[in-house]
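J.: Single-letter residue listing:
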Amino acid sequence: MFAVEEFTGEVVVYSSWFYDNVWLIPALPAASFLIILLFGKRLPYKGAEVGITAVLAAFGLALLTTFTWIADIETDGGAESHSEEAMAASGPELAVEAEDGKEGLKFSRGAPVINEVEWFGIGTDANRVTLGAEEGAAAADGDADDHGEGFGGGFSIPIGTLVDGQSVMLLFVVTFISSLVHIYSTDYVHGDRRFTHYYAFLSLFTASMLFMVLSSSTIQLIVGWELVGVCSFALIGHWWEEKPNSDAALKAFLTNRVGDIGLLVGMTILYFAAGRTFSIPEINEAAVAGDIGQGTLLISSLCLMAAVMSKSGQFILHTWLPDAMAGPTPVSALIHAATMVVAGVYLIGRLYPVFYEGFGIAGGSINAMAFIGGLTTVGGGLLAFVQRDIKKVLAYSTVSQLGYMVLALGVGAYTAGMFHLFTHAFFKACLFLGAGSVSHACHHSFDMKADMGGLRTYMPKTFWTFIIGTAALAGIPPLAGFWSKDEILVGTGAFPGTDGNGTFTIPFIFGLITAALTAAYMTRCVWLTFFGEYRGHAHPHESGPRITVPLIILAVMAVWVGFLNMPTAFVESVGLGSGWAHKFEDWVEPEGVATFVGGANGFTHAKPSLLLAIVATGLGLAAGLIVWRYYTALYAKDPKATEYSDGLASRNSLAAAGHRVLEQKYYLDHLYTDVVAGGTKGPLARAAYWFNQNVLDGVVNAAGYVSTLVGRFVYRYIDQGVVDRAVNVSGQSASESGRFLRRIQTGQVREYASLMFGAAAVLAAVFIFAF
Amino acid sequence: MQDFLDNWGITVMVFAPLVGVVAMMLLPEREEETHKLIALVASVASAIVGLLLLVNFDYDRSGVMQFARTDTWISVVNADYSIGLDGMSLPLVALTLLVTPLVIIYSWNHIPSPGNAKAFLMLMLVLHTGMLGTFVARDLVLFFVFFEVVLLPMYFMIGVWGGEQRLYAAIKFFLYTLFGSALMLVSFLALYWSTGSQTFSITGLAELVADGDVARNTQLLIFGGMFLGFGIKVPMFPFHTWLPDAHTQAPTQGSVILAAVLLKLGTYGFIRIAIPILPEAAVSWAPWIGLLAVIGIIYGALGCLAQTDMKRLIAFSSVAHMGYVMLGIATLTDFGINAAIFGMVAHGLITGMLFFIAGSVKERYHTLEIARLGGLLVQAPRMGWILGITTMASLGLPGLAGFWGEFPAILAAYQPAPGLSEELFRVYMVIAAIGTVLAAAYLLWLLQRTAFGTPSEEFEDDPHIHDTVFTEWVAWTPMLILIVVLGFVPSLIFDVTNEPASMVGEVIAALG
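Going line by line, the protein sequences match chains B and V.
Everything in the first sequence is counted per this note's numbering, starting at 3 for the first residue and increasing by one.
Everything in the second sequence is counted per this note's numbering, starting at 653 for the first residue and increasing by one.
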């Protein structure tokens, strides 16, 4: 066990029983997985009770850990850190001089608390990097490319927990949503053909996700990353009897594998670049301190970006995420909206200094991360427009929102990105579970156009919670999404007077477009589902309390969690003390620690702008209103219509082409399935196999044929009386072929043997004397 | 007890199966059950002695040969009966000791056509002795003899108990391997003569070569001969074509042994003999080994994607997986060699399991044609799950054994030993990483087409299709447990292999 203070010497590191025993949080669902797997089917509730107990206990622990963390931050004067006076007054143990000798006081808050043990090591003991020892030396090696020092260094792989604002936040989100999904599922998947398996995998997923969240080393992160992937695979393919489901599961796994190339390569590069360490804080520290070259950081950032793109559904590796909706809806809410898909965003945050330096975010105007995020957020938003399936609307919306988060991190708005991750988890889970509730009422259909419409009167609780989720997602003040989205737009620094980390105009425009798009497609979705007249053939009804209560809880969260990170100016203008402002930032974003970017790296917080908030909200409201008008006009014509028969797409060829491109999802699926996968599986694999059978094997067969001829020729002249004992044995056993073998092959074998020894001696002589 | 183990432990372990062979020889063929029992007892006896060795092994000195003894054997060529066990051979010996009894248990009700348990199991025991002997030999002549002892039983196993094209496959296997062995023997002889005809001892030869007795070009040629000999056994691209045929035609037991242990004889030869004796030549050859390794990774995977037969697909996957092992070895670093040994054990367990399952599927469906299968999870859910776990392990999922052979090998390629081109090996690293995607593709496609979905009409109501039976459970459970345990506690192997692997790495590092 070692604490970060050993390498900074000046940073306050909190301690608590909860931090030291935080491993219990993933351990509980892991134990639950084993119990359900072994005994689940014999239990009265088929294992659900074990899963729920474990996840609730984990949630309880996570909650206490969260409170402890918040208390620690608050006592250390987190809130005051933003005012210079408070910093000066906060006491000698907190005000330390900056290391580089610059004037000014440094404030420390939210340093990671690490507990780890060695998992295993490779390399000679003397050279192995021992835990907690001489990290300075390791970091000083920097780009240790020289063989002399680098070789034989060995490595020690730790396993442990890292508690800081970011991991605590995710602990809370994962256990909270997972608990609700566990409860919701008791009703939703009731009577399912594999109820027990379902709960086993929910537990395993929760455990893996928490294991990943708490990673203190990159290798532990990789392990967790892959484990959540396999749980996702299993749950998408939960109903594997039907081929589309197993196809979707395979697609998810394979697409993620493509990203994993980047993960493995990127982590390998960082391991060597940071002086042979897998430790996340040490890698971060090396990146902040400039011990790793910019080029190396850029390459590893790009590699890791590939992993982020696949896991967090960024263009162009997002195509698996909408297909993943083949899994049960609660799984979509938990894994493919609130938690697992944000793993990529989490990864960026975890190694933020690497990305920050690698992409040169400070003072920049565009970079790969911000661009990919921007592209994703608009591209996903557009696709959400043409879906008939309510879950697919939400899936593309998730893609779009994940793009928002990546965009935020790409422009240097770390807290905004994390905050959006946080708020999104609640309202998107609320929406997904709401969609599940709707489908529960409509014969398990998700088709908005054929089987829904007018549901608001049948299922008011679902309707109202869905509306709240929609408003939060669309960024309507004062709901959660408004605050986080506003912060991201501000963070781009492109709006006059915001002073971000750079001037990211293009991402800013992408973000504004998405603000309008989101409101528009969600209005369409709400209208098609809840307004107009019911078009299906079921008897819709409100769902039971195990479904509606989680919905209500999530809707309540979607209302208020945005208040956790209000700008100071706003808080003061409404008459609250400044202590109410940017709490989330205080709790999550470390400050004054060597493992995170700080002021010295040009890391700043943008200033909020009232005008921007009005513009963005206005755009959203206007877009929503236009769509609303479209549908109300349509409704007036025909209450059961879902689109104009003579719509724009049928009159204008350009619009028709655009619509087709969207319907075909930009043809990316064709590219991947037909060209890439089909090409590899088909022509490429067949060509390789043809080469194998005809060229390589042709040589072998020719050689074999000649040898056989020689063997048969010689066979006539050899004595058959002496037969090898082992051959005799097999001869007794022989079938027809065995006898044949014995007669023919014994001669050959002996002949080969003698030939071989003779030839060997000759060749050996050649080896020695030829040179 | 300690005395006994020190002096006789390894010898008893290696030759105990032959005692069983002698006993079986005296009994008539019709007493099948007795034969099975004798075979099991002989292999278990060998395993118990092995277990005692493992328990008494001094794990703090895993770099040193333990329980070693050296007796004069063929004095005219200075060949000794010299054996020992160190951290490099221990995991492989343990793997062999585990797999053979499990295969014999599996054989209890799975004697392949045309039957004759007596001959089949006798061959199995001879094979066992040969494999164990190869891993403990410290003298090149002794190594060669054991290496060749393995050949014949496997040849007969394929040729007599194999599938429809068994003759072709058996002859191909035999000729190919013998060709490699011949070159290996050439190299051994050349080494012996060029160092002054003094010894065949591996360490002795290494010292003589280090003293500068052998010209550089001769070293290169000698290494080349070993490269071919061991490379064919591994098998490395382009010398792998015997493998798919041998695997496809071999009976299940033969395939399992072949995949689990026999292929490792080749990779073991590299790290035990070729590299330690000829480190300079190894540095010169390493880029080529690495090249063939990564070609094998991609090529083997593409070969898998083209297959329509489950068993042949698994066979091709061995080419790809052994590519990772060889890439680890080619880096010539402690990382790489550790990864390679781990990869050998992991591949042995995982691919062995896959062949077991393929055999059981064949027994039930009488076909391994992937297009005709499907819905295994419906008809035999437990077996379907086992297949699922094993494919996940095979594609290198963290938390299961396969990962720790794969990722460290990729990691090691980023920074190979001094004297090797970093740029080149980094290219290899990326290619190897791409190989993991292809591995996932062919394995998951296999899983989807065999286990998912619903059974085809052809097999829907087939009464022969039943779930896992008792002998299968007994044979499979230990392997499955190990696959999971090694995935979470990789130190079980790394702690043992670390020292000897580092010693090899240091020899190379000392050159640069």
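No wet-lab data here; the hints were simulated from the structure.
Don't be surprised by glycine CBs; every beta carbon is placed ideally from N, CA and C.
Watch out, some of these pointers could steer you wrong.
Claimed, not checked - Simulated crosslink set (DSBU-like; lysine-lysine; CA at most 30 Å straight-line):
1. B:394 / B:463
2. B:394 / B:683
3. V:1014 / B:463
4. B:451 / B:683
5. B:683 / V:1014
6. B:451 / B:609
As the list claims (entries may be wrong) - To be clear about the criterion: a stretch of chain B counts as covered by chain V if any three or more of its residues have a C-beta under 8 Å from a C-beta of chain V, and this derived list gives those stretches:
7. 339-347
8. 465-475
J.: Now tell me if each hint is right for this structure.
T.: Hint check results:
1. A distance of roughly 22 Å separates the Cα atoms of residue 394 of chain B and residue 463 of chain B; the hinted pair therefore holds under the 30 Å criterion.
2. Using a Cα cut-off of 30 Å, the hinted pair residue 394 of chain B and residue 683 of chain B holds, with the two alpha carbons roughly 28 Å apart.
3. Between residue 1014 of chain V and residue 463 of chain B the alpha-carbon distance is near 55 Å, which puts this suggested pair outside the 30 Å criterion.
4. A distance of roughly 37 Å separates the Cα atoms of residue 451 of chain B and residue 683 of chain B; the hinted pair therefore is violated under the 30 Å criterion.
5. Of the supplied pair hints, the one linking residue 683 of chain B and residue 1014 of chain V holds, its CA atoms being roughly 25 Å apart against a limit of 30 Å.
6. For the suggested pair residue 451 of chain B and residue 609 of chain B, the alpha carbons sit about 44 Å apart, so the restraint of at most 30 Å is broken.
7. Counting residues of the region 339-347 of chain B whose CB lies closer than 8 Å to any CB of chain V gives 0, so the stated coverage by that chain is violated, three being the minimum.
8. Check result for the region 465-475 of chain B against chain V: violated, 0 residues qualifying (beta carbon to beta carbon below 8 Å, three or more required).
Comparing the model with each earlier hint shows violations of hints 3, 4, 6, 7 and 8; every other hint is respected.
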